[in-house]
Amino acid sequence: LATAILPVSSAFAKYVQVGAPIDDPTKKLGPGPGKLGKRSPFEQPLKKPSDISSRTPLQDLYSTITPADLHFERHHAGVPTIDPAKYELLIHGMVDKPMKFTLHDLKRFPSVTRTCFLECAGNFRSGSEQLTPQDILGLTSQSEWTGIMLSTLLREVGVQPKASWFLAEGGDAAVMTRSIPVSKAWDDAMIVYAQNGEAIRPEQGYPARLLLPGWEGNMNIKWLRRLEFADEPWFTREETSKYTYPVKDRIRYFSFEMDARSIITYPVFPQKVERGWIEIRGIAWSGRGKVLKVEVSTDAGKSWNTANLQEPVLSKAHTYFRYLWYWNGDATEIASRVIDETGYTQPTLKQLAEARGTAIGGYHMNPITAWQIRPDGSVLFYPEKV
Amino acid sequence: LATAILPVSSAFAKYVQVGAPIDDPTKKLGPGPGKLGKRSPFEQPLKKPSDISSRTPLQDLYSTITPADLHFERHHAGVPTIDPAKYELLIHGMVDKPMKFTLHDLKRFPSVTRTCFLECAGNFRSGSEQLTPQDILGLTSQSEWTGIMLSTLLREVGVQPKASWFLAEGGDAAVMTRSIPVSKAWDDAMIVYAQNGEAIRPEQGYPARLLLPGWEGNMNIKWLRRLEFADEPWFTREETSKYTYPVKDRIRYFSFEMDARSIITYPVFPQKVERGWIEIRGIAWSGRGKVLKVEVSTDAGKSWNTANLQEPVLSKAHTYFRYLWYWNGDATEIASRVIDETGYTQPTLKQLAEARGTAIGGYHMNPITAWQIRPDGSVLFYPEKV
Amino acid sequence: SSLADTTKWPPHFGFGHAATEQEIKLWDIDIRPDGLGLPSGSGTVAQGKAVYVVKCAACHGMEGRELPGVKLPAPALVSDTLAGSRPKTIGNYWPYATTVFDYIRRTMPYNLPGSLNDNEVYSLTAYLLSANQIISPNTIINAQTLPAVVMPAKKLYVRDDRKGGKEVK
Amino acid sequence: SSLADTTKWPPHFGFGHAATEQEIKLWDIDIRPDGLGLPSGSGTVAQGKAVYVVKCAACHGMEGRELPGVKLPAPALVSDTLAGSRPKTIGNYWPYATTVFDYIRRTMPYNLPGSLNDNEVYSLTAYLLSANQIISPNTIINAQTLPAVVMPAKKLYVRDDRKGGKEVK
Ligand code: HEC
Ligand code: HEC
Ligand SMILES: [Ca+2]
Ligand SMILES: [Ca+2]
Ligand SMILES: [Ca+2]
Ligand SMILES: [Ca+2]
Ligand SMILES: [Ca+2]
Ligand SMILES: [Ca+2]
Ligand SMILES: [Co+2]
Ligand SMILES: [Co+2]
Numbered sequence: 275l276a277t278a279i280l281p282v283s284s285a286f287a288k289y290v291q292v293g294a295p296i297d298d299p300t301k302k303l304g305p306g307p308g309k310l311g312k313r314s315p316f317e318q319p320l321k322k323p324s325d326i327s328s329r330t331p332l333q334d335l336y337s338t339i340t341p342a343d344l345h346f347e348r349h350h351a352g353v354p355t356i357d358p359a360k361y362e363l364l365i366h367g368m369v370d371k372p373m374k375f376t377l378h379d380l381k382r383f384p385s386v387t388r389t390c391f392l393e394c395a396g397n398f399r400s401g402s403e404q405l406t407p408q409d410i411l412g413l414t415s416q417s418e419w420t421g422i423m424l425s426t427l428l429r430e431v432g433v434q435p436k437a438s439w440f441l442a443e444g445g446d447a448a449v450m451t452r453s454i455p456v457s458k459a460w461d462d463a464m465i466v467y468a469q470n471g472e473a474i475r476p477e478q479g480y481p482a483r484l485l486l487p488g489w490e491g492n493m494n495i496k497w498l499r500r501l502e503f504a505d506e507p508w509f510t511r512e513e514t515s516k517y518t519y520p521v522k523d524r525i526r527y528f529s530f531e532m533d534a535r536s537i538i539t540y541p542v543f544p545q546k547v548e549r550g551w552i553e554i555r556g557i558a559w560s561g562r563g564k565v566l567k568v569e570v571s572t573d574a575g576k577s578w579n580t581a582n583l584q585e586p587v588l589s590k591a592h593t594y595f596r597y598l599w600y601w602n603g604d605a606t607e608i609a610s611r612v613i614d615e616t617g618y619t620q621p622t623l624k625q626l627a628e629a630r631g632t633a634i635g636g637y638h639m640n641p642i643t644a645w646q647i648r649p650d651g652s653v654l655f656y657p658e659k660v
Numbered sequence: 275l276a277t278a279i280l281p282v283s284s285a286f287a288k289y290v291q292v293g294a295p296i297d298d299p300t301k302k303l304g305p306g307p308g309k310l311g312k313r314s315p316f317e318q319p320l321k322k323p324s325d326i327s328s329r330t331p332l333q334d335l336y337s338t339i340t341p342a343d344l345h346f347e348r349h350h351a352g353v354p355t356i357d358p359a360k361y362e363l364l365i366h367g368m369v370d371k372p373m374k375f376t377l378h379d380l381k382r383f384p385s386v387t388r389t390c391f392l393e394c395a396g397n398f399r400s401g402s403e404q405l406t407p408q409d410i411l412g413l414t415s416q417s418e419w420t421g422i423m424l425s426t427l428l429r430e431v432g433v434q435p436k437a438s439w440f441l442a443e444g445g446d447a448a449v450m451t452r453s454i455p456v457s458k459a460w461d462d463a464m465i466v467y468a469q470n471g472e473a474i475r476p477e478q479g480y481p482a483r484l485l486l487p488g489w490e491g492n493m494n495i496k497w498l499r500r501l502e503f504a505d506e507p508w509f510t511r512e513e514t515s516k517y518t519y520p521v522k523d524r525i526r527y528f529s530f531e532m533d534a535r536s537i538i539t540y541p542v543f544p545q546k547v548e549r550g551w552i553e554i555r556g557i558a559w560s561g562r563g564k565v566l567k568v569e570v571s572t573d574a575g576k577s578w579n580t581a582n583l584q585e586p587v588l589s590k591a592h593t594y595f596r597y598l599w600y601w602n603g604d605a606t607e608i609a610s611r612v613i614d615e616t617g618y619t620q621p622t623l624k625q626l627a628e629a630r631g632t633a634i635g636g637y638h639m640n641p642i643t644a645w646q647i648r649p650d651g652s653v654l655f656y657p658e659k660v
Numbered sequence: 064s065s066l067a068d069t070t071k072w073p074p075h076f077g078f079g080h081a082a083t084e085q086e087i088k089l090w091d092i093d094i095r096p097d098g099l100g101l102p103s104g105s106g107t108v109a110q111g112k113a114v115y116v117v118k119c120a121a122c123h124g125m126e127g128r129e130l131p132g133v134k135l136p137a138p139a140l141v142s143d144t145l146a147g148s149r150p151k152t153i154g155n156y157w158p159y160a161t162t163v164f165d166y167i168r169r170t171m172p173y174n175l176p177g178s179l180n181d182n183e184v185y186s187l188t189a190y191l192l193s194a195n196q197i198i199s200p201n202t203i204i205n206a207q208t209l210p211a212v213v214m215p216a217k218k219l220y221v222r223d224d225r226k227g228g229k230e231v232k
Numbered sequence: 064s065s066l067a068d069t070t071k072w073p074p075h076f077g078f079g080h081a082a083t084e085q086e087i088k089l090w091d092i093d094i095r096p097d098g099l100g101l102p103s104g105s106g107t108v109a110q111g112k113a114v115y116v117v118k119c120a121a122c123h124g125m126e127g128r129e130l131p132g133v134k135l136p137a138p139a140l141v142s143d144t145l146a147g148s149r150p151k152t153i154g155n156y157w158p159y160a161t162t163v164f165d166y167i168r169r170t171m172p173y174n175l176p177g178s179l180n181d182n183e184v185y186s187l188t189a190y191l192l193s194a195n196q197i198i199s200p201n202t203i204i205n206a207q208t209l210p211a212v213v214m215p216a217k218k219l220y221v222r223d224d225r226k227g228g229k230e231v232k
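Going down the list, the protein sequences come from chains R, B, A and X. FYI, the numbering used here numbers position 287 of the first sequence as 561, with every residue one higher than the one before it. FYI, the numbering used here numbers position 70 of the second sequence as 344, with every residue one higher than the one before it. FYI, the numbering used here numbers position 103 of the third sequence as 166, with every residue one higher than the one before it. FYI, the numbering used here numbers position 69 of the fourth sequence as 132, with every residue one higher than the one before it.
Just so you know, these hints were derived from the structure itself, not from any lab. Treat the numbers as computed from the prediction; the structure is a model and nothing was measured. A hint or two may mislead.
What the hints assert, rightly or not - A partial selection of chain B residues facing chain X, derived with a Cβ cut-off under 8 Å:
| no. | residue |
| --- | --- |
| 1 | F383 |
| 2 | E430 |
| 3 | W508 |
| 4 | R511 |
| 5 | S529 |
| 6 | G617 |
| 7 | A629 |
To be verified - Pairs of lysine-lysine residues, derived as DSS-like cross-links and limited to a Cα-Cα distance of at most 27 Å, are as follows:
| no. | chain 1 | residue 1 | chain 2 | residue 2 |
| --- | --- | --- | --- | --- |
| 8 | B | K624 | B | K564 |
| 9 | A | K71 | R | K458 |
| 10 | R | K516 | B | K374 |
| 11 | B | K322 | B | K546 |
| 12 | R | K436 | A | K217 |
| 13 | B | K312 | R | K312 |
| 14 | X | K218 | B | K516 |
| 15 | R | K312 | R | K322 |
| 16 | R | K371 | R | K360 |
| 17 | R | K312 | R | K374 |
| 18 | R | K458 | R | K546 |
Glycine residues also receive a C-beta, built at the ideal position from the N, C-alpha and C atoms.
Modelling step: build the complete structure from the supplied sequences, incorporating the hints.
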């Protein structure tokens with residue numbers, strides 16, 4: 275049996291000259307294989323940080339996986355540094371056997387992988403024509419998550435029948451807490467320790483976070499350290515002062531599911547288009563299941579056409595859509611709307627304001643987003659007013 | 275209409291103290307949101323480079339997406355630095371209209387996304403018990419690729435009916451060339467400019483590469499600059515001196531498809547296992563279509579059990595498998611074998627040697643890979659000899 | 064034996080370990096609206112004001128009316144009750160007083176989270192409830208009195224009952 | 064109009080531009096076994112040896128027998144023909160002589176790819192074919208003679224005919 279073809283190392287490297295780009299790259303040896311790849315110097319996609327969040331550059335992305343280092347951030351007391359050897363998850367309250375699990379313990383259980391979106395419930399901005407998808411709703415990203423079903427741990431600790439809620443608590447300096455119905459734990463909640471094939475990133479909850487597919491980003495507690503089971507919710511600050519919103523003369527609370535939504539990510543501000551064929555592209559998703567259909571209008575909402583959906587269409591996942599359009603050079607507006615498998619159609623801002631009153635604007639805003647195409651090919655956001 | 279909830283920036287940052295890890299991360303503010311995320315300092319997956327290639331750390335990965343910076347590398351004259359503004363793809367030969375396409379041109383065509391594996395046809399190593407999956411077959415990785423169907427460009431240039439082959443040529447200093455049947459172009463070949471949601475990485479062919487799902491990695495020409503259509507193959511150096519192999523007293527050439535293959539990635543050397551339940555995990559794939567089934571043996575090949583496949587199972591894609599096993603502490607060997615949708619079963623090394631003779635070892639080696647479990651829980655590779 | 068059919072799950076995998084009483088006590092810091100979880104101790108509005116000035120005013124303002132986007136990304140802490148001004152503050156937006164205790168204890172002061180003792184937290188809670196004109200300045204706040212405080216916004220809270228489907232609501 | 068059903072593809076999208084003769088010529092460097100693509104010019108074994116010593120021997124050895132893993136990751140360039148030793152070299156493994164020209168011209172010398180002129184490449188090809196005992200030392204190699212060289216390994220080449228299915232082959 276001959277040995278493998280690739281020698282590990284040799285004195286050969288010293289013969290090789292490497293260097294900067296030249297006009298004809300076929301005439302110049304490039305740098306050799308490395309331990310970690312890096313982006314082309316010509317490509318620098320970046321998140322846009324504020325004091326409390328950082329937005330995914332949706333307009334720079336193709337398809338639906340968000341590179342881990344571009345995943346949106348929203349945290350309330352910064353990103354903790356957690357030593358995986360010291361990490362433990364406590365489960366207690368209405369359970370037969372209160373237990374603690376190390377990261378190693380968690381990784382030993384039967385595992386599962388799921389690709390789904392996360393979205394901050396406050397993902398909405400408007401007010402200027404010069405906004406990009408990143409500015410408007412960059413607080414959503416998608417990853418392939420791997421971990422264990424939360425139900426696997428519920429079996430292990432023996433959750434008692436009268437437990438109807440659980441509190442999930444983070445190990446960050448906000449000691450973030452949210453109340454979650456136990457039914458979600460038996461349905462599709464996960465504790466995940468991996469993202470896009472590798473260990474979860476610190477900004478997304480290293481070494482382990484809660485994943486509640488389709489539900490408010492904030493509930494997917496990062497740096498998860500404790501689950502307490504009980505028969506009542508807690509009404510923590512993040513489910514009262516925050517993540518509630520005025521609906522006419524009332525305050526609506528416990529809006530867990532993220533409503534169906536879509537956005538065109540090409541062409542958008544500040545790109546320019548040329549007359550001729552344009553493939554309109556974007557992402558659509560619903561916290562309530564699969565995207566059934568995406569419709570695109572190229573005549574300012576007068577008519578709607580069915581876009582193509584990129585397969586596989588996954589439940590509670592960003593779904594890429596594409597619609598081929600011939601632009602004749604006239605001024606117009608383009609927009610997308612999603613219909614999810616429950617039959618819900620993404621509403622206009624006007625519809626939302628009619629349903630909820632004009633004081634809307636904080637959370638769970640999912641209006642149709644339109645873009646103006648000018649005759650010179652420039653593309654601008656269309657900021658609506660109620 | 276209230277404005278969005280998240281202020282862009284404020285004088286607030288100066289109040290926030292950030293710092294190094296402390297024992298109780300709930301007592302210390304962490305660093306705030308950033309422009310680019312980074313790995314936890316406790317996680318440092320790395321490729322293993324030689325002079326000519328670099329191997330993906332399969333044992334450090336969960337599920338099937340390979341983070342772009344850990345994608346295996348194999349190049350023949352280093353990684354060129356290509357300015358996307360100067361990039362052009364030439365298509366000529368037996369076509370009605372020889373054409374050049376800029377990167378911008380390519381991105382305007384109707385696009386498509388596909389998740390599939392790439393594997394170097396020389397992906398095989400043996401010879402020591404102390405090899406990891408990375409050492410043994412780290413020359414395979416998987417990405418979500420976005421670009422255009424090659425057939426879209428064939429329509430554009432008008433490929434002539436008598437053209438049966440095309441030459442794909444790279445713009446690197448190896449000016450890498452391979453001959454490819456035109457039927458693959460009409461089937462599923464793509465020209466891709468994006469990988470895992472973002473621009474393709476330099477090591478994988480920035481700004482555009484050929485993607486031939488399921489076919490030898492080397493044929494998926496990176497830094498693609500030219501396609502020439504003709505009625506004969508070229509017999510370039512990479513399809514004669516390389517990527518051919520002795521089969522008994524003959525030399526076999528044009529082995530395009532990668533044969534079905536699998537490897538256990540947990541538990542493997544140098545990990546240790548504990549008595550009790552173990553979820554055996556790994557990846558399986560076939561260049562000829564979908565993985566139909568993966569079987570795992572925990573008794574040194576005497577009996578085989580069906581593993582669970584992670585959905586969605588995609589064609590010509592790494593498919594994650596899991597098999598739950600109770601280890602009673604006895605010495606044994608564990609192994610996996612894949613059956614693909616053509617009915618092909620991954621062979622043993624002995625079967626391969628019987629079919630091809632004992633001078634095998636260079637290319638297209640896909641034998642079953644086994645791991646020894648010692649009573650002390652240590653795991654070692656089982657290097658077979660013909 | 065290792066040959067057994069192992070694809071069926073056992074009742075328990077046996078990974079992890081029992082949590083001790085002490086391990087639970089150390090982390091079990093949550094407070095419920097019914098008062099479950101509140102520690103012993105108590106606080107007054109006057110004590111709360113004194114602590115506030117030293118440990119909180121720098122960020123939230125001497126009057127607790129510092130607004131988001133200026134010095135910090137947080138709503139004002141103090142406002143008139145429902146009848147009055149609009150910011151979503153404790154006074155006109157929070158449904159339960161217990162949440163004030165829970166939140167302050169787990170995460171304030173922002174720059175030194177977890178540094179307050181229980182009496183300080185009771186006092187600060189008393190002070191903020193009083194500044195928001197919900198309790199009188201001489202109320203003593205403890206595990207019995209806090210859950211009994213009725214918050215003006217409570218009656219406005221309506222649970223989301225949407226379940227998908229055609230309706231925009 | 065922008066209202067038309069645009070989901071059907073047009074015969075052509077109109078992106079890209081016609082390639083000029085000159086643009087094609089600049090990049091059209093491939094050589095086929097039938098000689099298609101070979102440039103004018105020619106070379107001799109003696110000239111080839113002279114160039115080899117200066118531009119190639121540092122890596123491949125004075126005799127062209129440098130092995131992979133020592134100085135460089137490449138097979139030896141020179142060996143006896145089929146009857147002789149085993150390394151997969153030009154002499155006993157390559158099926159077409161045109162590939163030698165094509166490969167050297169596009170990528171050697173490794174550190175200065177694309178730096179040789181066509182006569183140098185013809186000469187080096189002649190030298191390596193002669194060193195491998197495939198042509199006699201006084202053969203002149205050009206666009207006519209090169210495709211006519213019969214390589215000893217050619218007869219061993221068998222195209223892979225596997226198509227999946229049960230058989231291990
Ligand atoms: C270094 C700045 C800083 C200091 C000092 C500080 N806070 Fe805060 N406070 C904040 C920030 C920032 C937030 C918003 C945090 C968030 O939304 O995640 C906040 C939020 C709050 C809230 C929630 C407001 C709401 O309506 O949701 C309360 C209550 C509060 N602080 C009380 C206090 C008390 C009491 C103290 C002193 C013991 C204090 N803070 C000290 C910065 C500070
Ligand atoms: C700086 C080192 C270096 C120099 C100088 C060099 N080579 Fe090479 N040569 C290599 C390497 C490395 C390879 C293998 C490249 C690969 O596999 O991608 C190679 C491969 C070859 C091969 C293919 C061998 C095979 O069997 O596949 C030929 C032929 C060759 N060189 C000829 C030449 C000639 C002729 C020259 C001089 C004009 C030359 N080389 C100069 C390093 C060098
Ligand atoms: Ca959120
Ligand atoms: Ca390869
Ligand atoms: Ca145990
Ligand atoms: Ca509790
Ligand atoms: Ca054009
Ligand atoms: Ca040609
Ligand atoms: Co413990
Ligand atoms: Co041009």
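Okay, the hints, checked on the actual structure:
Interface hint at F383 (chain B): satisfied, since its Cβ lies 6 Å from the closest Cβ of chain X, which is below the 8 Å cut-off. At its closest, the beta carbon of E430 (chain B) sits 6 Å from a beta carbon of chain X; the interface hint therefore holds under the 8 Å criterion. A cut of 8 Å between beta carbons decides the hint on W508 (chain B): the least distance to chain X is about 5 Å, and the hint holds. Taking 8 Å as the C-beta cut-off, the interface hint given for R511 (chain B) holds, the closest approach to chain X being about 4 Å.
Using the Cβ-Cβ criterion of 8 Å, the hint placing S529 (chain B) at the interface with chain X is satisfied: the shortest such distance is roughly 4 Å. Interface restraint check for G617 (chain B): the shortest CB-CB distance to chain X comes to about 5 Å, inside 8 Å, so the restraint holds. Hint status for A629 (chain B): holds, given a least beta-carbon distance of 5 Å to chain X, under 8 Å. With a C-alpha separation of about 25 Å, the suggested pairing of K624 (chain B) with K564 (chain B) holds against the 27 Å cut-off.
Between K71 (chain A) and K458 (chain R), the direct Cα distance comes to roughly 24 Å. Compliance with the 27 Å bound is thereby established for this hinted pair. Taken as a hint, the K516 (chain R) and K374 (chain B) pair is broken in the structure, with Cα atoms around 55 Å apart against an allowance of 27 Å. Restraint check for K322 (chain B) and K546 (chain B): satisfied, since their Cα atoms lie roughly 22 Å apart, inside the 27 Å limit. Annotation: proposed proximity of K436 (chain R) to K217 (chain A) holds, straight-line Cα distance about 26 Å (limit 27 Å).
For the hint pairing K312 (chain B) with K312 (chain R), the CA-to-CA distance comes to about 13 Å; that is within 27 Å, so the pair holds. For the given pair, K218 (chain X) sits about 17 Å from K516 (chain B) by alpha-carbon distance, which is consistent with the 27 Å threshold. Straight-line distance between C-alpha atoms of K312 (chain R) and K322 (chain R) comes to about 20 Å, which keeps the hinted pair within the 27 Å bound. Using a Cα cut-off of 27 Å, the hinted pair K371 (chain R) and K360 (chain R) holds, with the two alpha carbons roughly 22 Å apart.
Between K312 (chain R) and K374 (chain R), the direct Cα distance comes to roughly 39 Å. Violation of the 27 Å bound is thereby established for this hinted pair. Between K458 (chain R) and K546 (chain R) the CA atoms are separated by roughly 44 Å; this puts the pair beyond 27 Å, and the hint is violated.
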